[in-house]
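Please construct the entire structure, taking both the sequences and the accompanying hints into account.
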Amino acid sequence: MLMGYSFSDLGSILVMQGFAGLIMFSVYLLMALGLAIIFGQMGVINMAHGEFMILGAYMTYECSRLFSAYMPGLFSLYFFVAIIVSFIVPGLLGMALEWSLIRFLYKRPLDTLLATWGISLMLQQAYRSIFGAREVGVNLPEWMMGSTHLSDSIEIPINGIIVMGMTLVITAGVYLLLFRSGWGKQVRAVMQNRAMAGAVGINTERVDRMTFGLGCGIAGVAGAAFTMIGSTSPTAGQLYIVDTFLVVAFGGAQSLTGTIASAFSISQTRSILEFFLSGSMAQVIVLLSVVIILMLRPQGLFVLKVRR
Amino acid sequence: MKSLLRDRKTALFVLVLVAILAVILPLVLEPFRLNLVGKYLTYAFVALGLVLCWGDAGILSLGQGIFFGLGGYCMAMFLKLQASTPEATKIQSTPGIPDFMDWNQITTLPWFWQPFHSLAFSIVAVAAVPMLLALIIGLSMFKRRVGGTYFAIITQAIASILTILIIGQQGYTGGVNGITDLRTLNGWDIRTDHAKLILYFVTIALLLVCLGGAHFIRCSKLGRILVAMREREDRVRFSGYDVASFKTFVFCFAAAMAGIGGAMFTLQVGFMSPSFVGIVPSIEMVIYCAVGGRTSLLGVIYGTLLVNWARTSFSETMPQVWMFAMGALFVFIVVVLPGGLASLYRTYLDPYISRLLGSSSKAPVHAGREADHANG
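If you read the protein sequences in the order shown, they are chains A and B. Position 89 of the first sequence, counted from 1, bears residue number 89 in my numbering, the numbering being contiguous throughout. Position 161 of the second sequence, counted from 1, bears residue number 161 in my numbering, the numbering being contiguous throughout.
Honestly, I wouldn't trust all of these hints.
Selected chain A positions facing chain B (Cβ under 10 Å, derived; list incomplete) [as the list claims (entries may be wrong)]:
| # | residue |
| --- | --- |
| 1 | T112 |
| 2 | A115 |
| 3 | R297 |
Here's a subset of chain A near chain B, in silico, CB distances under 7 Å, partners left out [stated by the list, open to error]:
| # | residue |
| --- | --- |
| 4 | L114 |
| 5 | M281 |
| 6 | Q283 |
Simulated from the structure, these hints should not be mistaken for lab results. Model, not experiment: these values are computed from the prediction. Ideal Cβ placement from N, Cα and C applies to all residues, glycine included.
This is how it looks when you write it as structure tokens:
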């Protein structure tokens with residue numbers, strides 16, 4: 001017995017909160033993957049990352065609206081279309097941003113931080129003008145609602161399973177793309193030594209643009225997952241940006257395994273603490289412990305051994 | 001010779017600033033507007049600290065709102081206790097404690113509120129509490145050679161944590177509304193126009209003291225080490241300087257100034273709330289500094305006034321445009337004008353003013369070399 005809960009109750013709470021945490025884990029992981037690619041590989045601090053996520057969320061919302069208005073028969077499949085749209089649109093916007101602004105600032109990382117913050121303010125206002133200041137939520141198709149019962153006291157939401165599956169596929173895809181493909185080799189070559197990579201014939205500017213676009217696109221997919229746990233509003237992305245940076249820094253900026261492990265531990269701890277404490281205290285405790293751990297171990301949990 | 005000219009010029013510019021702030025503005029502005037200017041000036045304390053921290057030493061802190069807020073809260077706690085005498089709060093179920101505590105079913109004053117009954121303690125705390133936190137953050141980060149972007153992100157995370165904490169612990173901090181309904185400072189009503197005028201002049205005086213302090217640091221050898229750290233940190237370290245201690249010192253100094261600014265903010269505005277603590281205000285304080293010119297002490301004061309004045313007039317007339325304008329300002333300053341307004345002044349106006357002030361600097365290059373020799 002602990003705090004009036006029996007052990008079987010506690011077990012169920014852990015499993016259910018753990019699963020609720022898995023959707024949060026998906027959002028964190030996808031956001032952090034995008035950010036880890038941009039920050040870890042390119043050294044650019046993208047403060048507008050949350051706004052790219054919210055763009056993905058708005059794309060999902062628009063897809064659900066269009067499908068229910070024009071193609072109600074296909075409504076049950078809209079989420080898959082939405083994922084693709086919410087990857088492509090933020091990705092293209094990200095490439096445009098890289099081309100028009102970021103590429104001038106590669107040598108000044110602190111300045112990219114301020115400039116992208118400016119971009120994020122402009123994007124927020126743009127969303128407010130285009131989509132309205134009101135919070136919006138998406139309607140889920142019939143088959144994604146409800147939950148399966150594993151036992152009497154444990155239920156697991158179906159949309160959570162789908163989001164998890166999607167996250168696993170994308171994470172695997174990013175891994176294959178960065179570490180098993182020719183293009184990934186080019187990306188890593190550019191990041192390790194830009195001049196040499198250019199000298200052996202890699203088009204470094206194009207690689208930069210594609211990398212930035214990829215990171216923003218993945219943030220957009222995170223937005224599609226985000227519609228499951230929160231309602232979309234112009235400023236919702238801002239709340240996630242610091243958490244995501246902490247996830248990336250906690251995991252060690254250049255390590256994919258580290259990002260996954262830190263996203264998992266942060267979201268799970270938070271989700272489980274949220275059951276016992278108030279939401280804000282859970283957040284404070286988790287963020288504070290991450291900050292303290294980072295102060296003691298600034299290089300993050302997992303460090304890629306690179307010769308500098 | 002050149003240093004003499006520069007001192008005359010510095011004195012002239014400080015005089016111009018004092019004339020604008022202390023004579024022209026009080027004469028032309030109505031009390032409400034003057035109070036707004038006083039409020040903007042409290043942000044200038046933060047911007048001055050950022051000049052030392054960011055402009056000189058190259059440490060970008062995105063958490064200056066923490067220190068501004070802590071200073072403001074220290075002052076607000078004192079004023080709130082003054083406003084919550086048992087006679088004034090006798091309708092509460094527990095008289096003598098601040099009203100928001102009563103609403104949150106708290107019956108005794110928490111321990112960390114107790115010392116704020118004393119004015120002397122509160123005034124010390126306004127600078128000491130931010131400094132203490134900055135000392136802890138600075139020592140733990142700089143000793144481990146964390147700098148640059150990581151430092152920026154972690155200070156931002158701390159700002160976010162503090163905001164969530166203040167909002168979450170409603171009974172102890174007043175929650176999202178903050179500490180409101182502040183009335184008197186040791187029996188002196190701070191809400192009258194006359195009091196606000198006096199507080200405005202106190203703000204200017206304190207700002208000038210901080211300006212002098214910051215100028216003194218920049219002119220001393222310490223200031224040179226700060227700039228050297230920004231340019232080549234490892235060389236400074238190899239020369240035998242303890243880089244971490246210098247960084248911690250300048251970070252604490254900036255934090256103390258921000259705390260003083262926060263306290264003056266509370267006094268003039270009459271409340272303190274978490275909306276001046278978090279990520280958004282902290283990063284806006286950085287842009288005040290960037291607009292004025294991150295390496296110019298006088299520049300950032302004008303920059304702060306300008307951005308805030310623009311914000312007020314935009315949000316009064318067309319609030320939708322303001323966010324776009326603010327965003328565009330960030331991008332423009334970073335890409336086109338990294339030196340801020342001060343760099344415009346240095347390129348276009350400074351040559352004329354030097355000539356007007358005295359033609360003794362015929363050969364500036366030579367004079368510069370002389371000055372270098374004189375300094376060893």
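Verification of the supplied hints:
1. T112: T112/A check passes; min Cβ-Cβ to chain B is 8 Å, inside 10 Å.
2. A115: 4 Å, holds
3. R297: 9 Å, holds
4. L114: Hint on L114/A: holds, closest Cβ of chain B at ~5 Å, below 7 Å.
5. M281: OK, holds: M281/A within 7 Å of chain B, min 6 Å.
6. Q283: Result: holds, 6 Å to nearest chain B Cβ.
Of the numbered hints stated above, none is contradicted by the structure.
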